[in-house]
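The chain contents come next:
There are 2 protein chains.
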Amino acid sequence: MSQNIYDRQDFFEAYSKFIDRSNEPVDDDLLWKRLRTLLPEDINGFDILDVGCGSGWFSRWAVTSGANSVLGLDISQNMIAKGRKASEARPGDAGKLEYRIADLDILPITLSDKAPYDLIFSSVAFHYLKNLEPLVKQLVEAMKPGALLVVNVEHPTYTAPKTPRVVEDKETGQKSWNLSAYHEEGERVVDWLAPGLRKYHRTMTGYMDIFLGNGLSLVKFLEWLPTEEELASGDIDDVEQYRPLFLMMSFRK
Amino acid sequence: MSQNIYDRQDFFEAYSKFIDRSNEPVDDDLLWKRLRTLLPEDINGFDILDVGCGSGWFSRWAVTSGANSVLGLDISQNMIAKGRKASEARPGDAGKLEYRIADLDILPITLSDKAPYDLIFSSVAFHYLKNLEPLVKQLVEAMKPGALLVVNVEHPTYTAPKTPRVVEDKETGQKSWNLSAYHEEGERVVDWLAPGLRKYHRTMTGYMDIFLGNGLSLVKFLEWLPTEEELASGDIDDVEQYRPLFLMMSFRK
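Just so you know, the sequences run in chain order A and B.
Per the working numbering, the first sequence starts with residue 1, numbered consecutively.
Per the working numbering, the second sequence starts with residue 1, numbered consecutively.
These are computed hints drawn from the structure, not numbers from a lab.
One or more hints might be untrue.
Claimed, not checked - Below, a list of computed lysine-lysine pairs in the DSBU-like style, where the Cα atoms sit at most 35 Å apart:
{"#": "1", "chain 1": "A", "residue 1": "Lys253", "chain 2": "A", "residue 2": "Lys17"}
{"#": "2", "chain 1": "B", "residue 1": "Lys175", "chain 2": "A", "residue 2": "Lys170"}
{"#": "3", "chain 1": "A", "residue 1": "Lys144", "chain 2": "B", "residue 2": "Lys137"}
{"#": "4", "chain 1": "A", "residue 1": "Lys96", "chain 2": "A", "residue 2": "Lys253"}
{"#": "5", "chain 1": "B", "residue 1": "Lys170", "chain 2": "A", "residue 2": "Lys220"}
{"#": "6", "chain 1": "B", "residue 1": "Lys114", "chain 2": "A", "residue 2": "Lys220"}
{"#": "7", "chain 1": "B", "residue 1": "Lys114", "chain 2": "A", "residue 2": "Lys33"}
{"#": "8", "chain 1": "B", "residue 1": "Lys114", "chain 2": "B", "residue 2": "Lys130"}
{"#": "9", "chain 1": "B", "residue 1": "Lys175", "chain 2": "B", "residue 2": "Lys162"}
{"#": "10", "chain 1": "A", "residue 1": "Lys170", "chain 2": "B", "residue 2": "Lys17"}
{"#": "11", "chain 1": "B", "residue 1": "Lys114", "chain 2": "A", "residue 2": "Lys130"}
{"#": "12", "chain 1": "A", "residue 1": "Lys137", "chain 2": "B", "residue 2": "Lys170"}
{"#": "13", "chain 1": "A", "residue 1": "Lys33", "chain 2": "B", "residue 2": "Lys33"}
{"#": "14", "chain 1": "B", "residue 1": "Lys170", "chain 2": "A", "residue 2": "Lys170"}
{"#": "15", "chain 1": "A", "residue 1": "Lys17", "chain 2": "B", "residue 2": "Lys175"}
{"#": "16", "chain 1": "A", "residue 1": "Lys33", "chain 2": "B", "residue 2": "Lys137"}
{"#": "17", "chain 1": "A", "residue 1": "Lys33", "chain 2": "A", "residue 2": "Lys175"}
{"#": "18", "chain 1": "A", "residue 1": "Lys170", "chain 2": "B", "residue 2": "Lys130"}
{"#": "19", "chain 1": "B", "residue 1": "Lys130", "chain 2": "A", "residue 2": "Lys33"}
{"#": "20", "chain 1": "A", "residue 1": "Lys137", "chain 2": "B", "residue 2": "Lys114"}
{"#": "21", "chain 1": "B", "residue 1": "Lys170", "chain 2": "A", "residue 2": "Lys17"}
{"#": "22", "chain 1": "A", "residue 1": "Lys175", "chain 2": "B", "residue 2": "Lys17"}
{"#": "23", "chain 1": "A", "residue 1": "Lys85", "chain 2": "A", "residue 2": "Lys130"}
{"#": "24", "chain 1": "A", "residue 1": "Lys96", "chain 2": "A", "residue 2": "Lys114"}
{"#": "25", "chain 1": "B", "residue 1": "Lys220", "chain 2": "B", "residue 2": "Lys130"}
{"#": "26", "chain 1": "A", "residue 1": "Lys253", "chain 2": "B", "residue 2": "Lys33"}
{"#": "27", "chain 1": "B", "residue 1": "Lys162", "chain 2": "B", "residue 2": "Lys33"}
{"#": "28", "chain 1": "A", "residue 1": "Lys137", "chain 2": "A", "residue 2": "Lys85"}
{"#": "29", "chain 1": "B", "residue 1": "Lys253", "chain 2": "A", "residue 2": "Lys220"}
{"#": "30", "chain 1": "A", "residue 1": "Lys220", "chain 2": "B", "residue 2": "Lys130"}
{"#": "31", "chain 1": "B", "residue 1": "Lys114", "chain 2": "A", "residue 2": "Lys175"}
{"#": "32", "chain 1": "B", "residue 1": "Lys220", "chain 2": "A", "residue 2": "Lys220"}
{"#": "33", "chain 1": "B", "residue 1": "Lys144", "chain 2": "B", "residue 2": "Lys17"}
{"#": "34", "chain 1": "A", "residue 1": "Lys162", "chain 2": "B", "residue 2": "Lys114"}
{"#": "35", "chain 1": "B", "residue 1": "Lys175", "chain 2": "A", "residue 2": "Lys175"}
{"#": "36", "chain 1": "A", "residue 1": "Lys253", "chain 2": "B", "residue 2": "Lys175"}
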């Protein structure tokens, strides 16, 4: 089974302070304004699956944007509870949005009776999964022909190092991201917000093999690259100058 | 125009000692055995364009493999002369294989009367070009519907740093590739075999925008990743443990 770090008290408290995605995404959110460009302009009437929905910020955005139904799946009771609480204040979610606890590494996952879907979305979840390939296989089967899979994962250059960090060159003093072990796919245990966060590094090749190898076609490819304005604003950490943090892709069945 | 470093005596002499691709590729060549998997199994009767053909090793392989015609283009007089010399010893090349000097940054390039092509191939050339996008546009127009474009470029993690090298962490002593300035596309001037080699860094996103944005579909995606056997053999430099050297992709029109 997957590590359920969002239900570990030390991590969940640190995470809740680090970022608050309990509301719907706002237009100037740096991640969302990029992810939005991979999604269909109009999702009116769509049946949607949100894989690793966290506290459901995307699921609720989808309902607001006219989706017919949304199923949000996540392993964390803490996160699902946050989602359900947020939806209590939104009467329009009732009957349209369902949150369900699910370990995405234990297959097959149970889908809603709305499958096959018009859109499957997954942000910041797939790099936690050991059994990604069979999950993607199941997801592709649960997509209508022509449906989109929109994925956001931690970028392979970010997940590659075994002790990821900015390093200072012993000789020149120049700073860089310590890219290493890129070719070695597999588990990485890192300290982020709390010690012992477990994730899985995959190369870009590894991701493409999984998606293209299961009958999907690449539609859009977008790395999280900071603009000069964003860097100058100070809203972005210096480390973003060295390597991309996220990799976003959309695929059509 | 492009830098023509292969016609600079210091670089050409160093390069000729570094690698000898004047013969046809052999099955255990580490780059070729990967590139081969992106090419069609059978190229019998194909009309082929080899963009940045160097001394023509791929062009001659294509003729040997049954191609109907091959046009090899390269900026370097030195390399084209090597190719022509190699073909003198191969009577079968006459009438099938033409080498032509061309600066790929000055558009449009002049194609053969065999265009549109069944296959366009380009290895280790596109990352030297400033005007890649309009070149790709012209190439796509010169492909038959269903034809393949097979591309090999230096990997974006390799081209990103402004002073690319393996660094030793000041604190831990651990070695890594100094990934930095990834998001900054543009010229890089590096020392490799000789001082002042000029190339252009593009992000993976930048490459995909150019290829997908000109109507191509991604078929295969393969980073140059060393196997454990290759690393153990000692044939591969230690630095290959840190980051991928090449990015190979095939696209269908």
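Hint compliance check: list the failing hint numbers for this structure, sorted ascending. 1, 5, 7, 11, 12, 13, 20, 31, 33, 34 and 36
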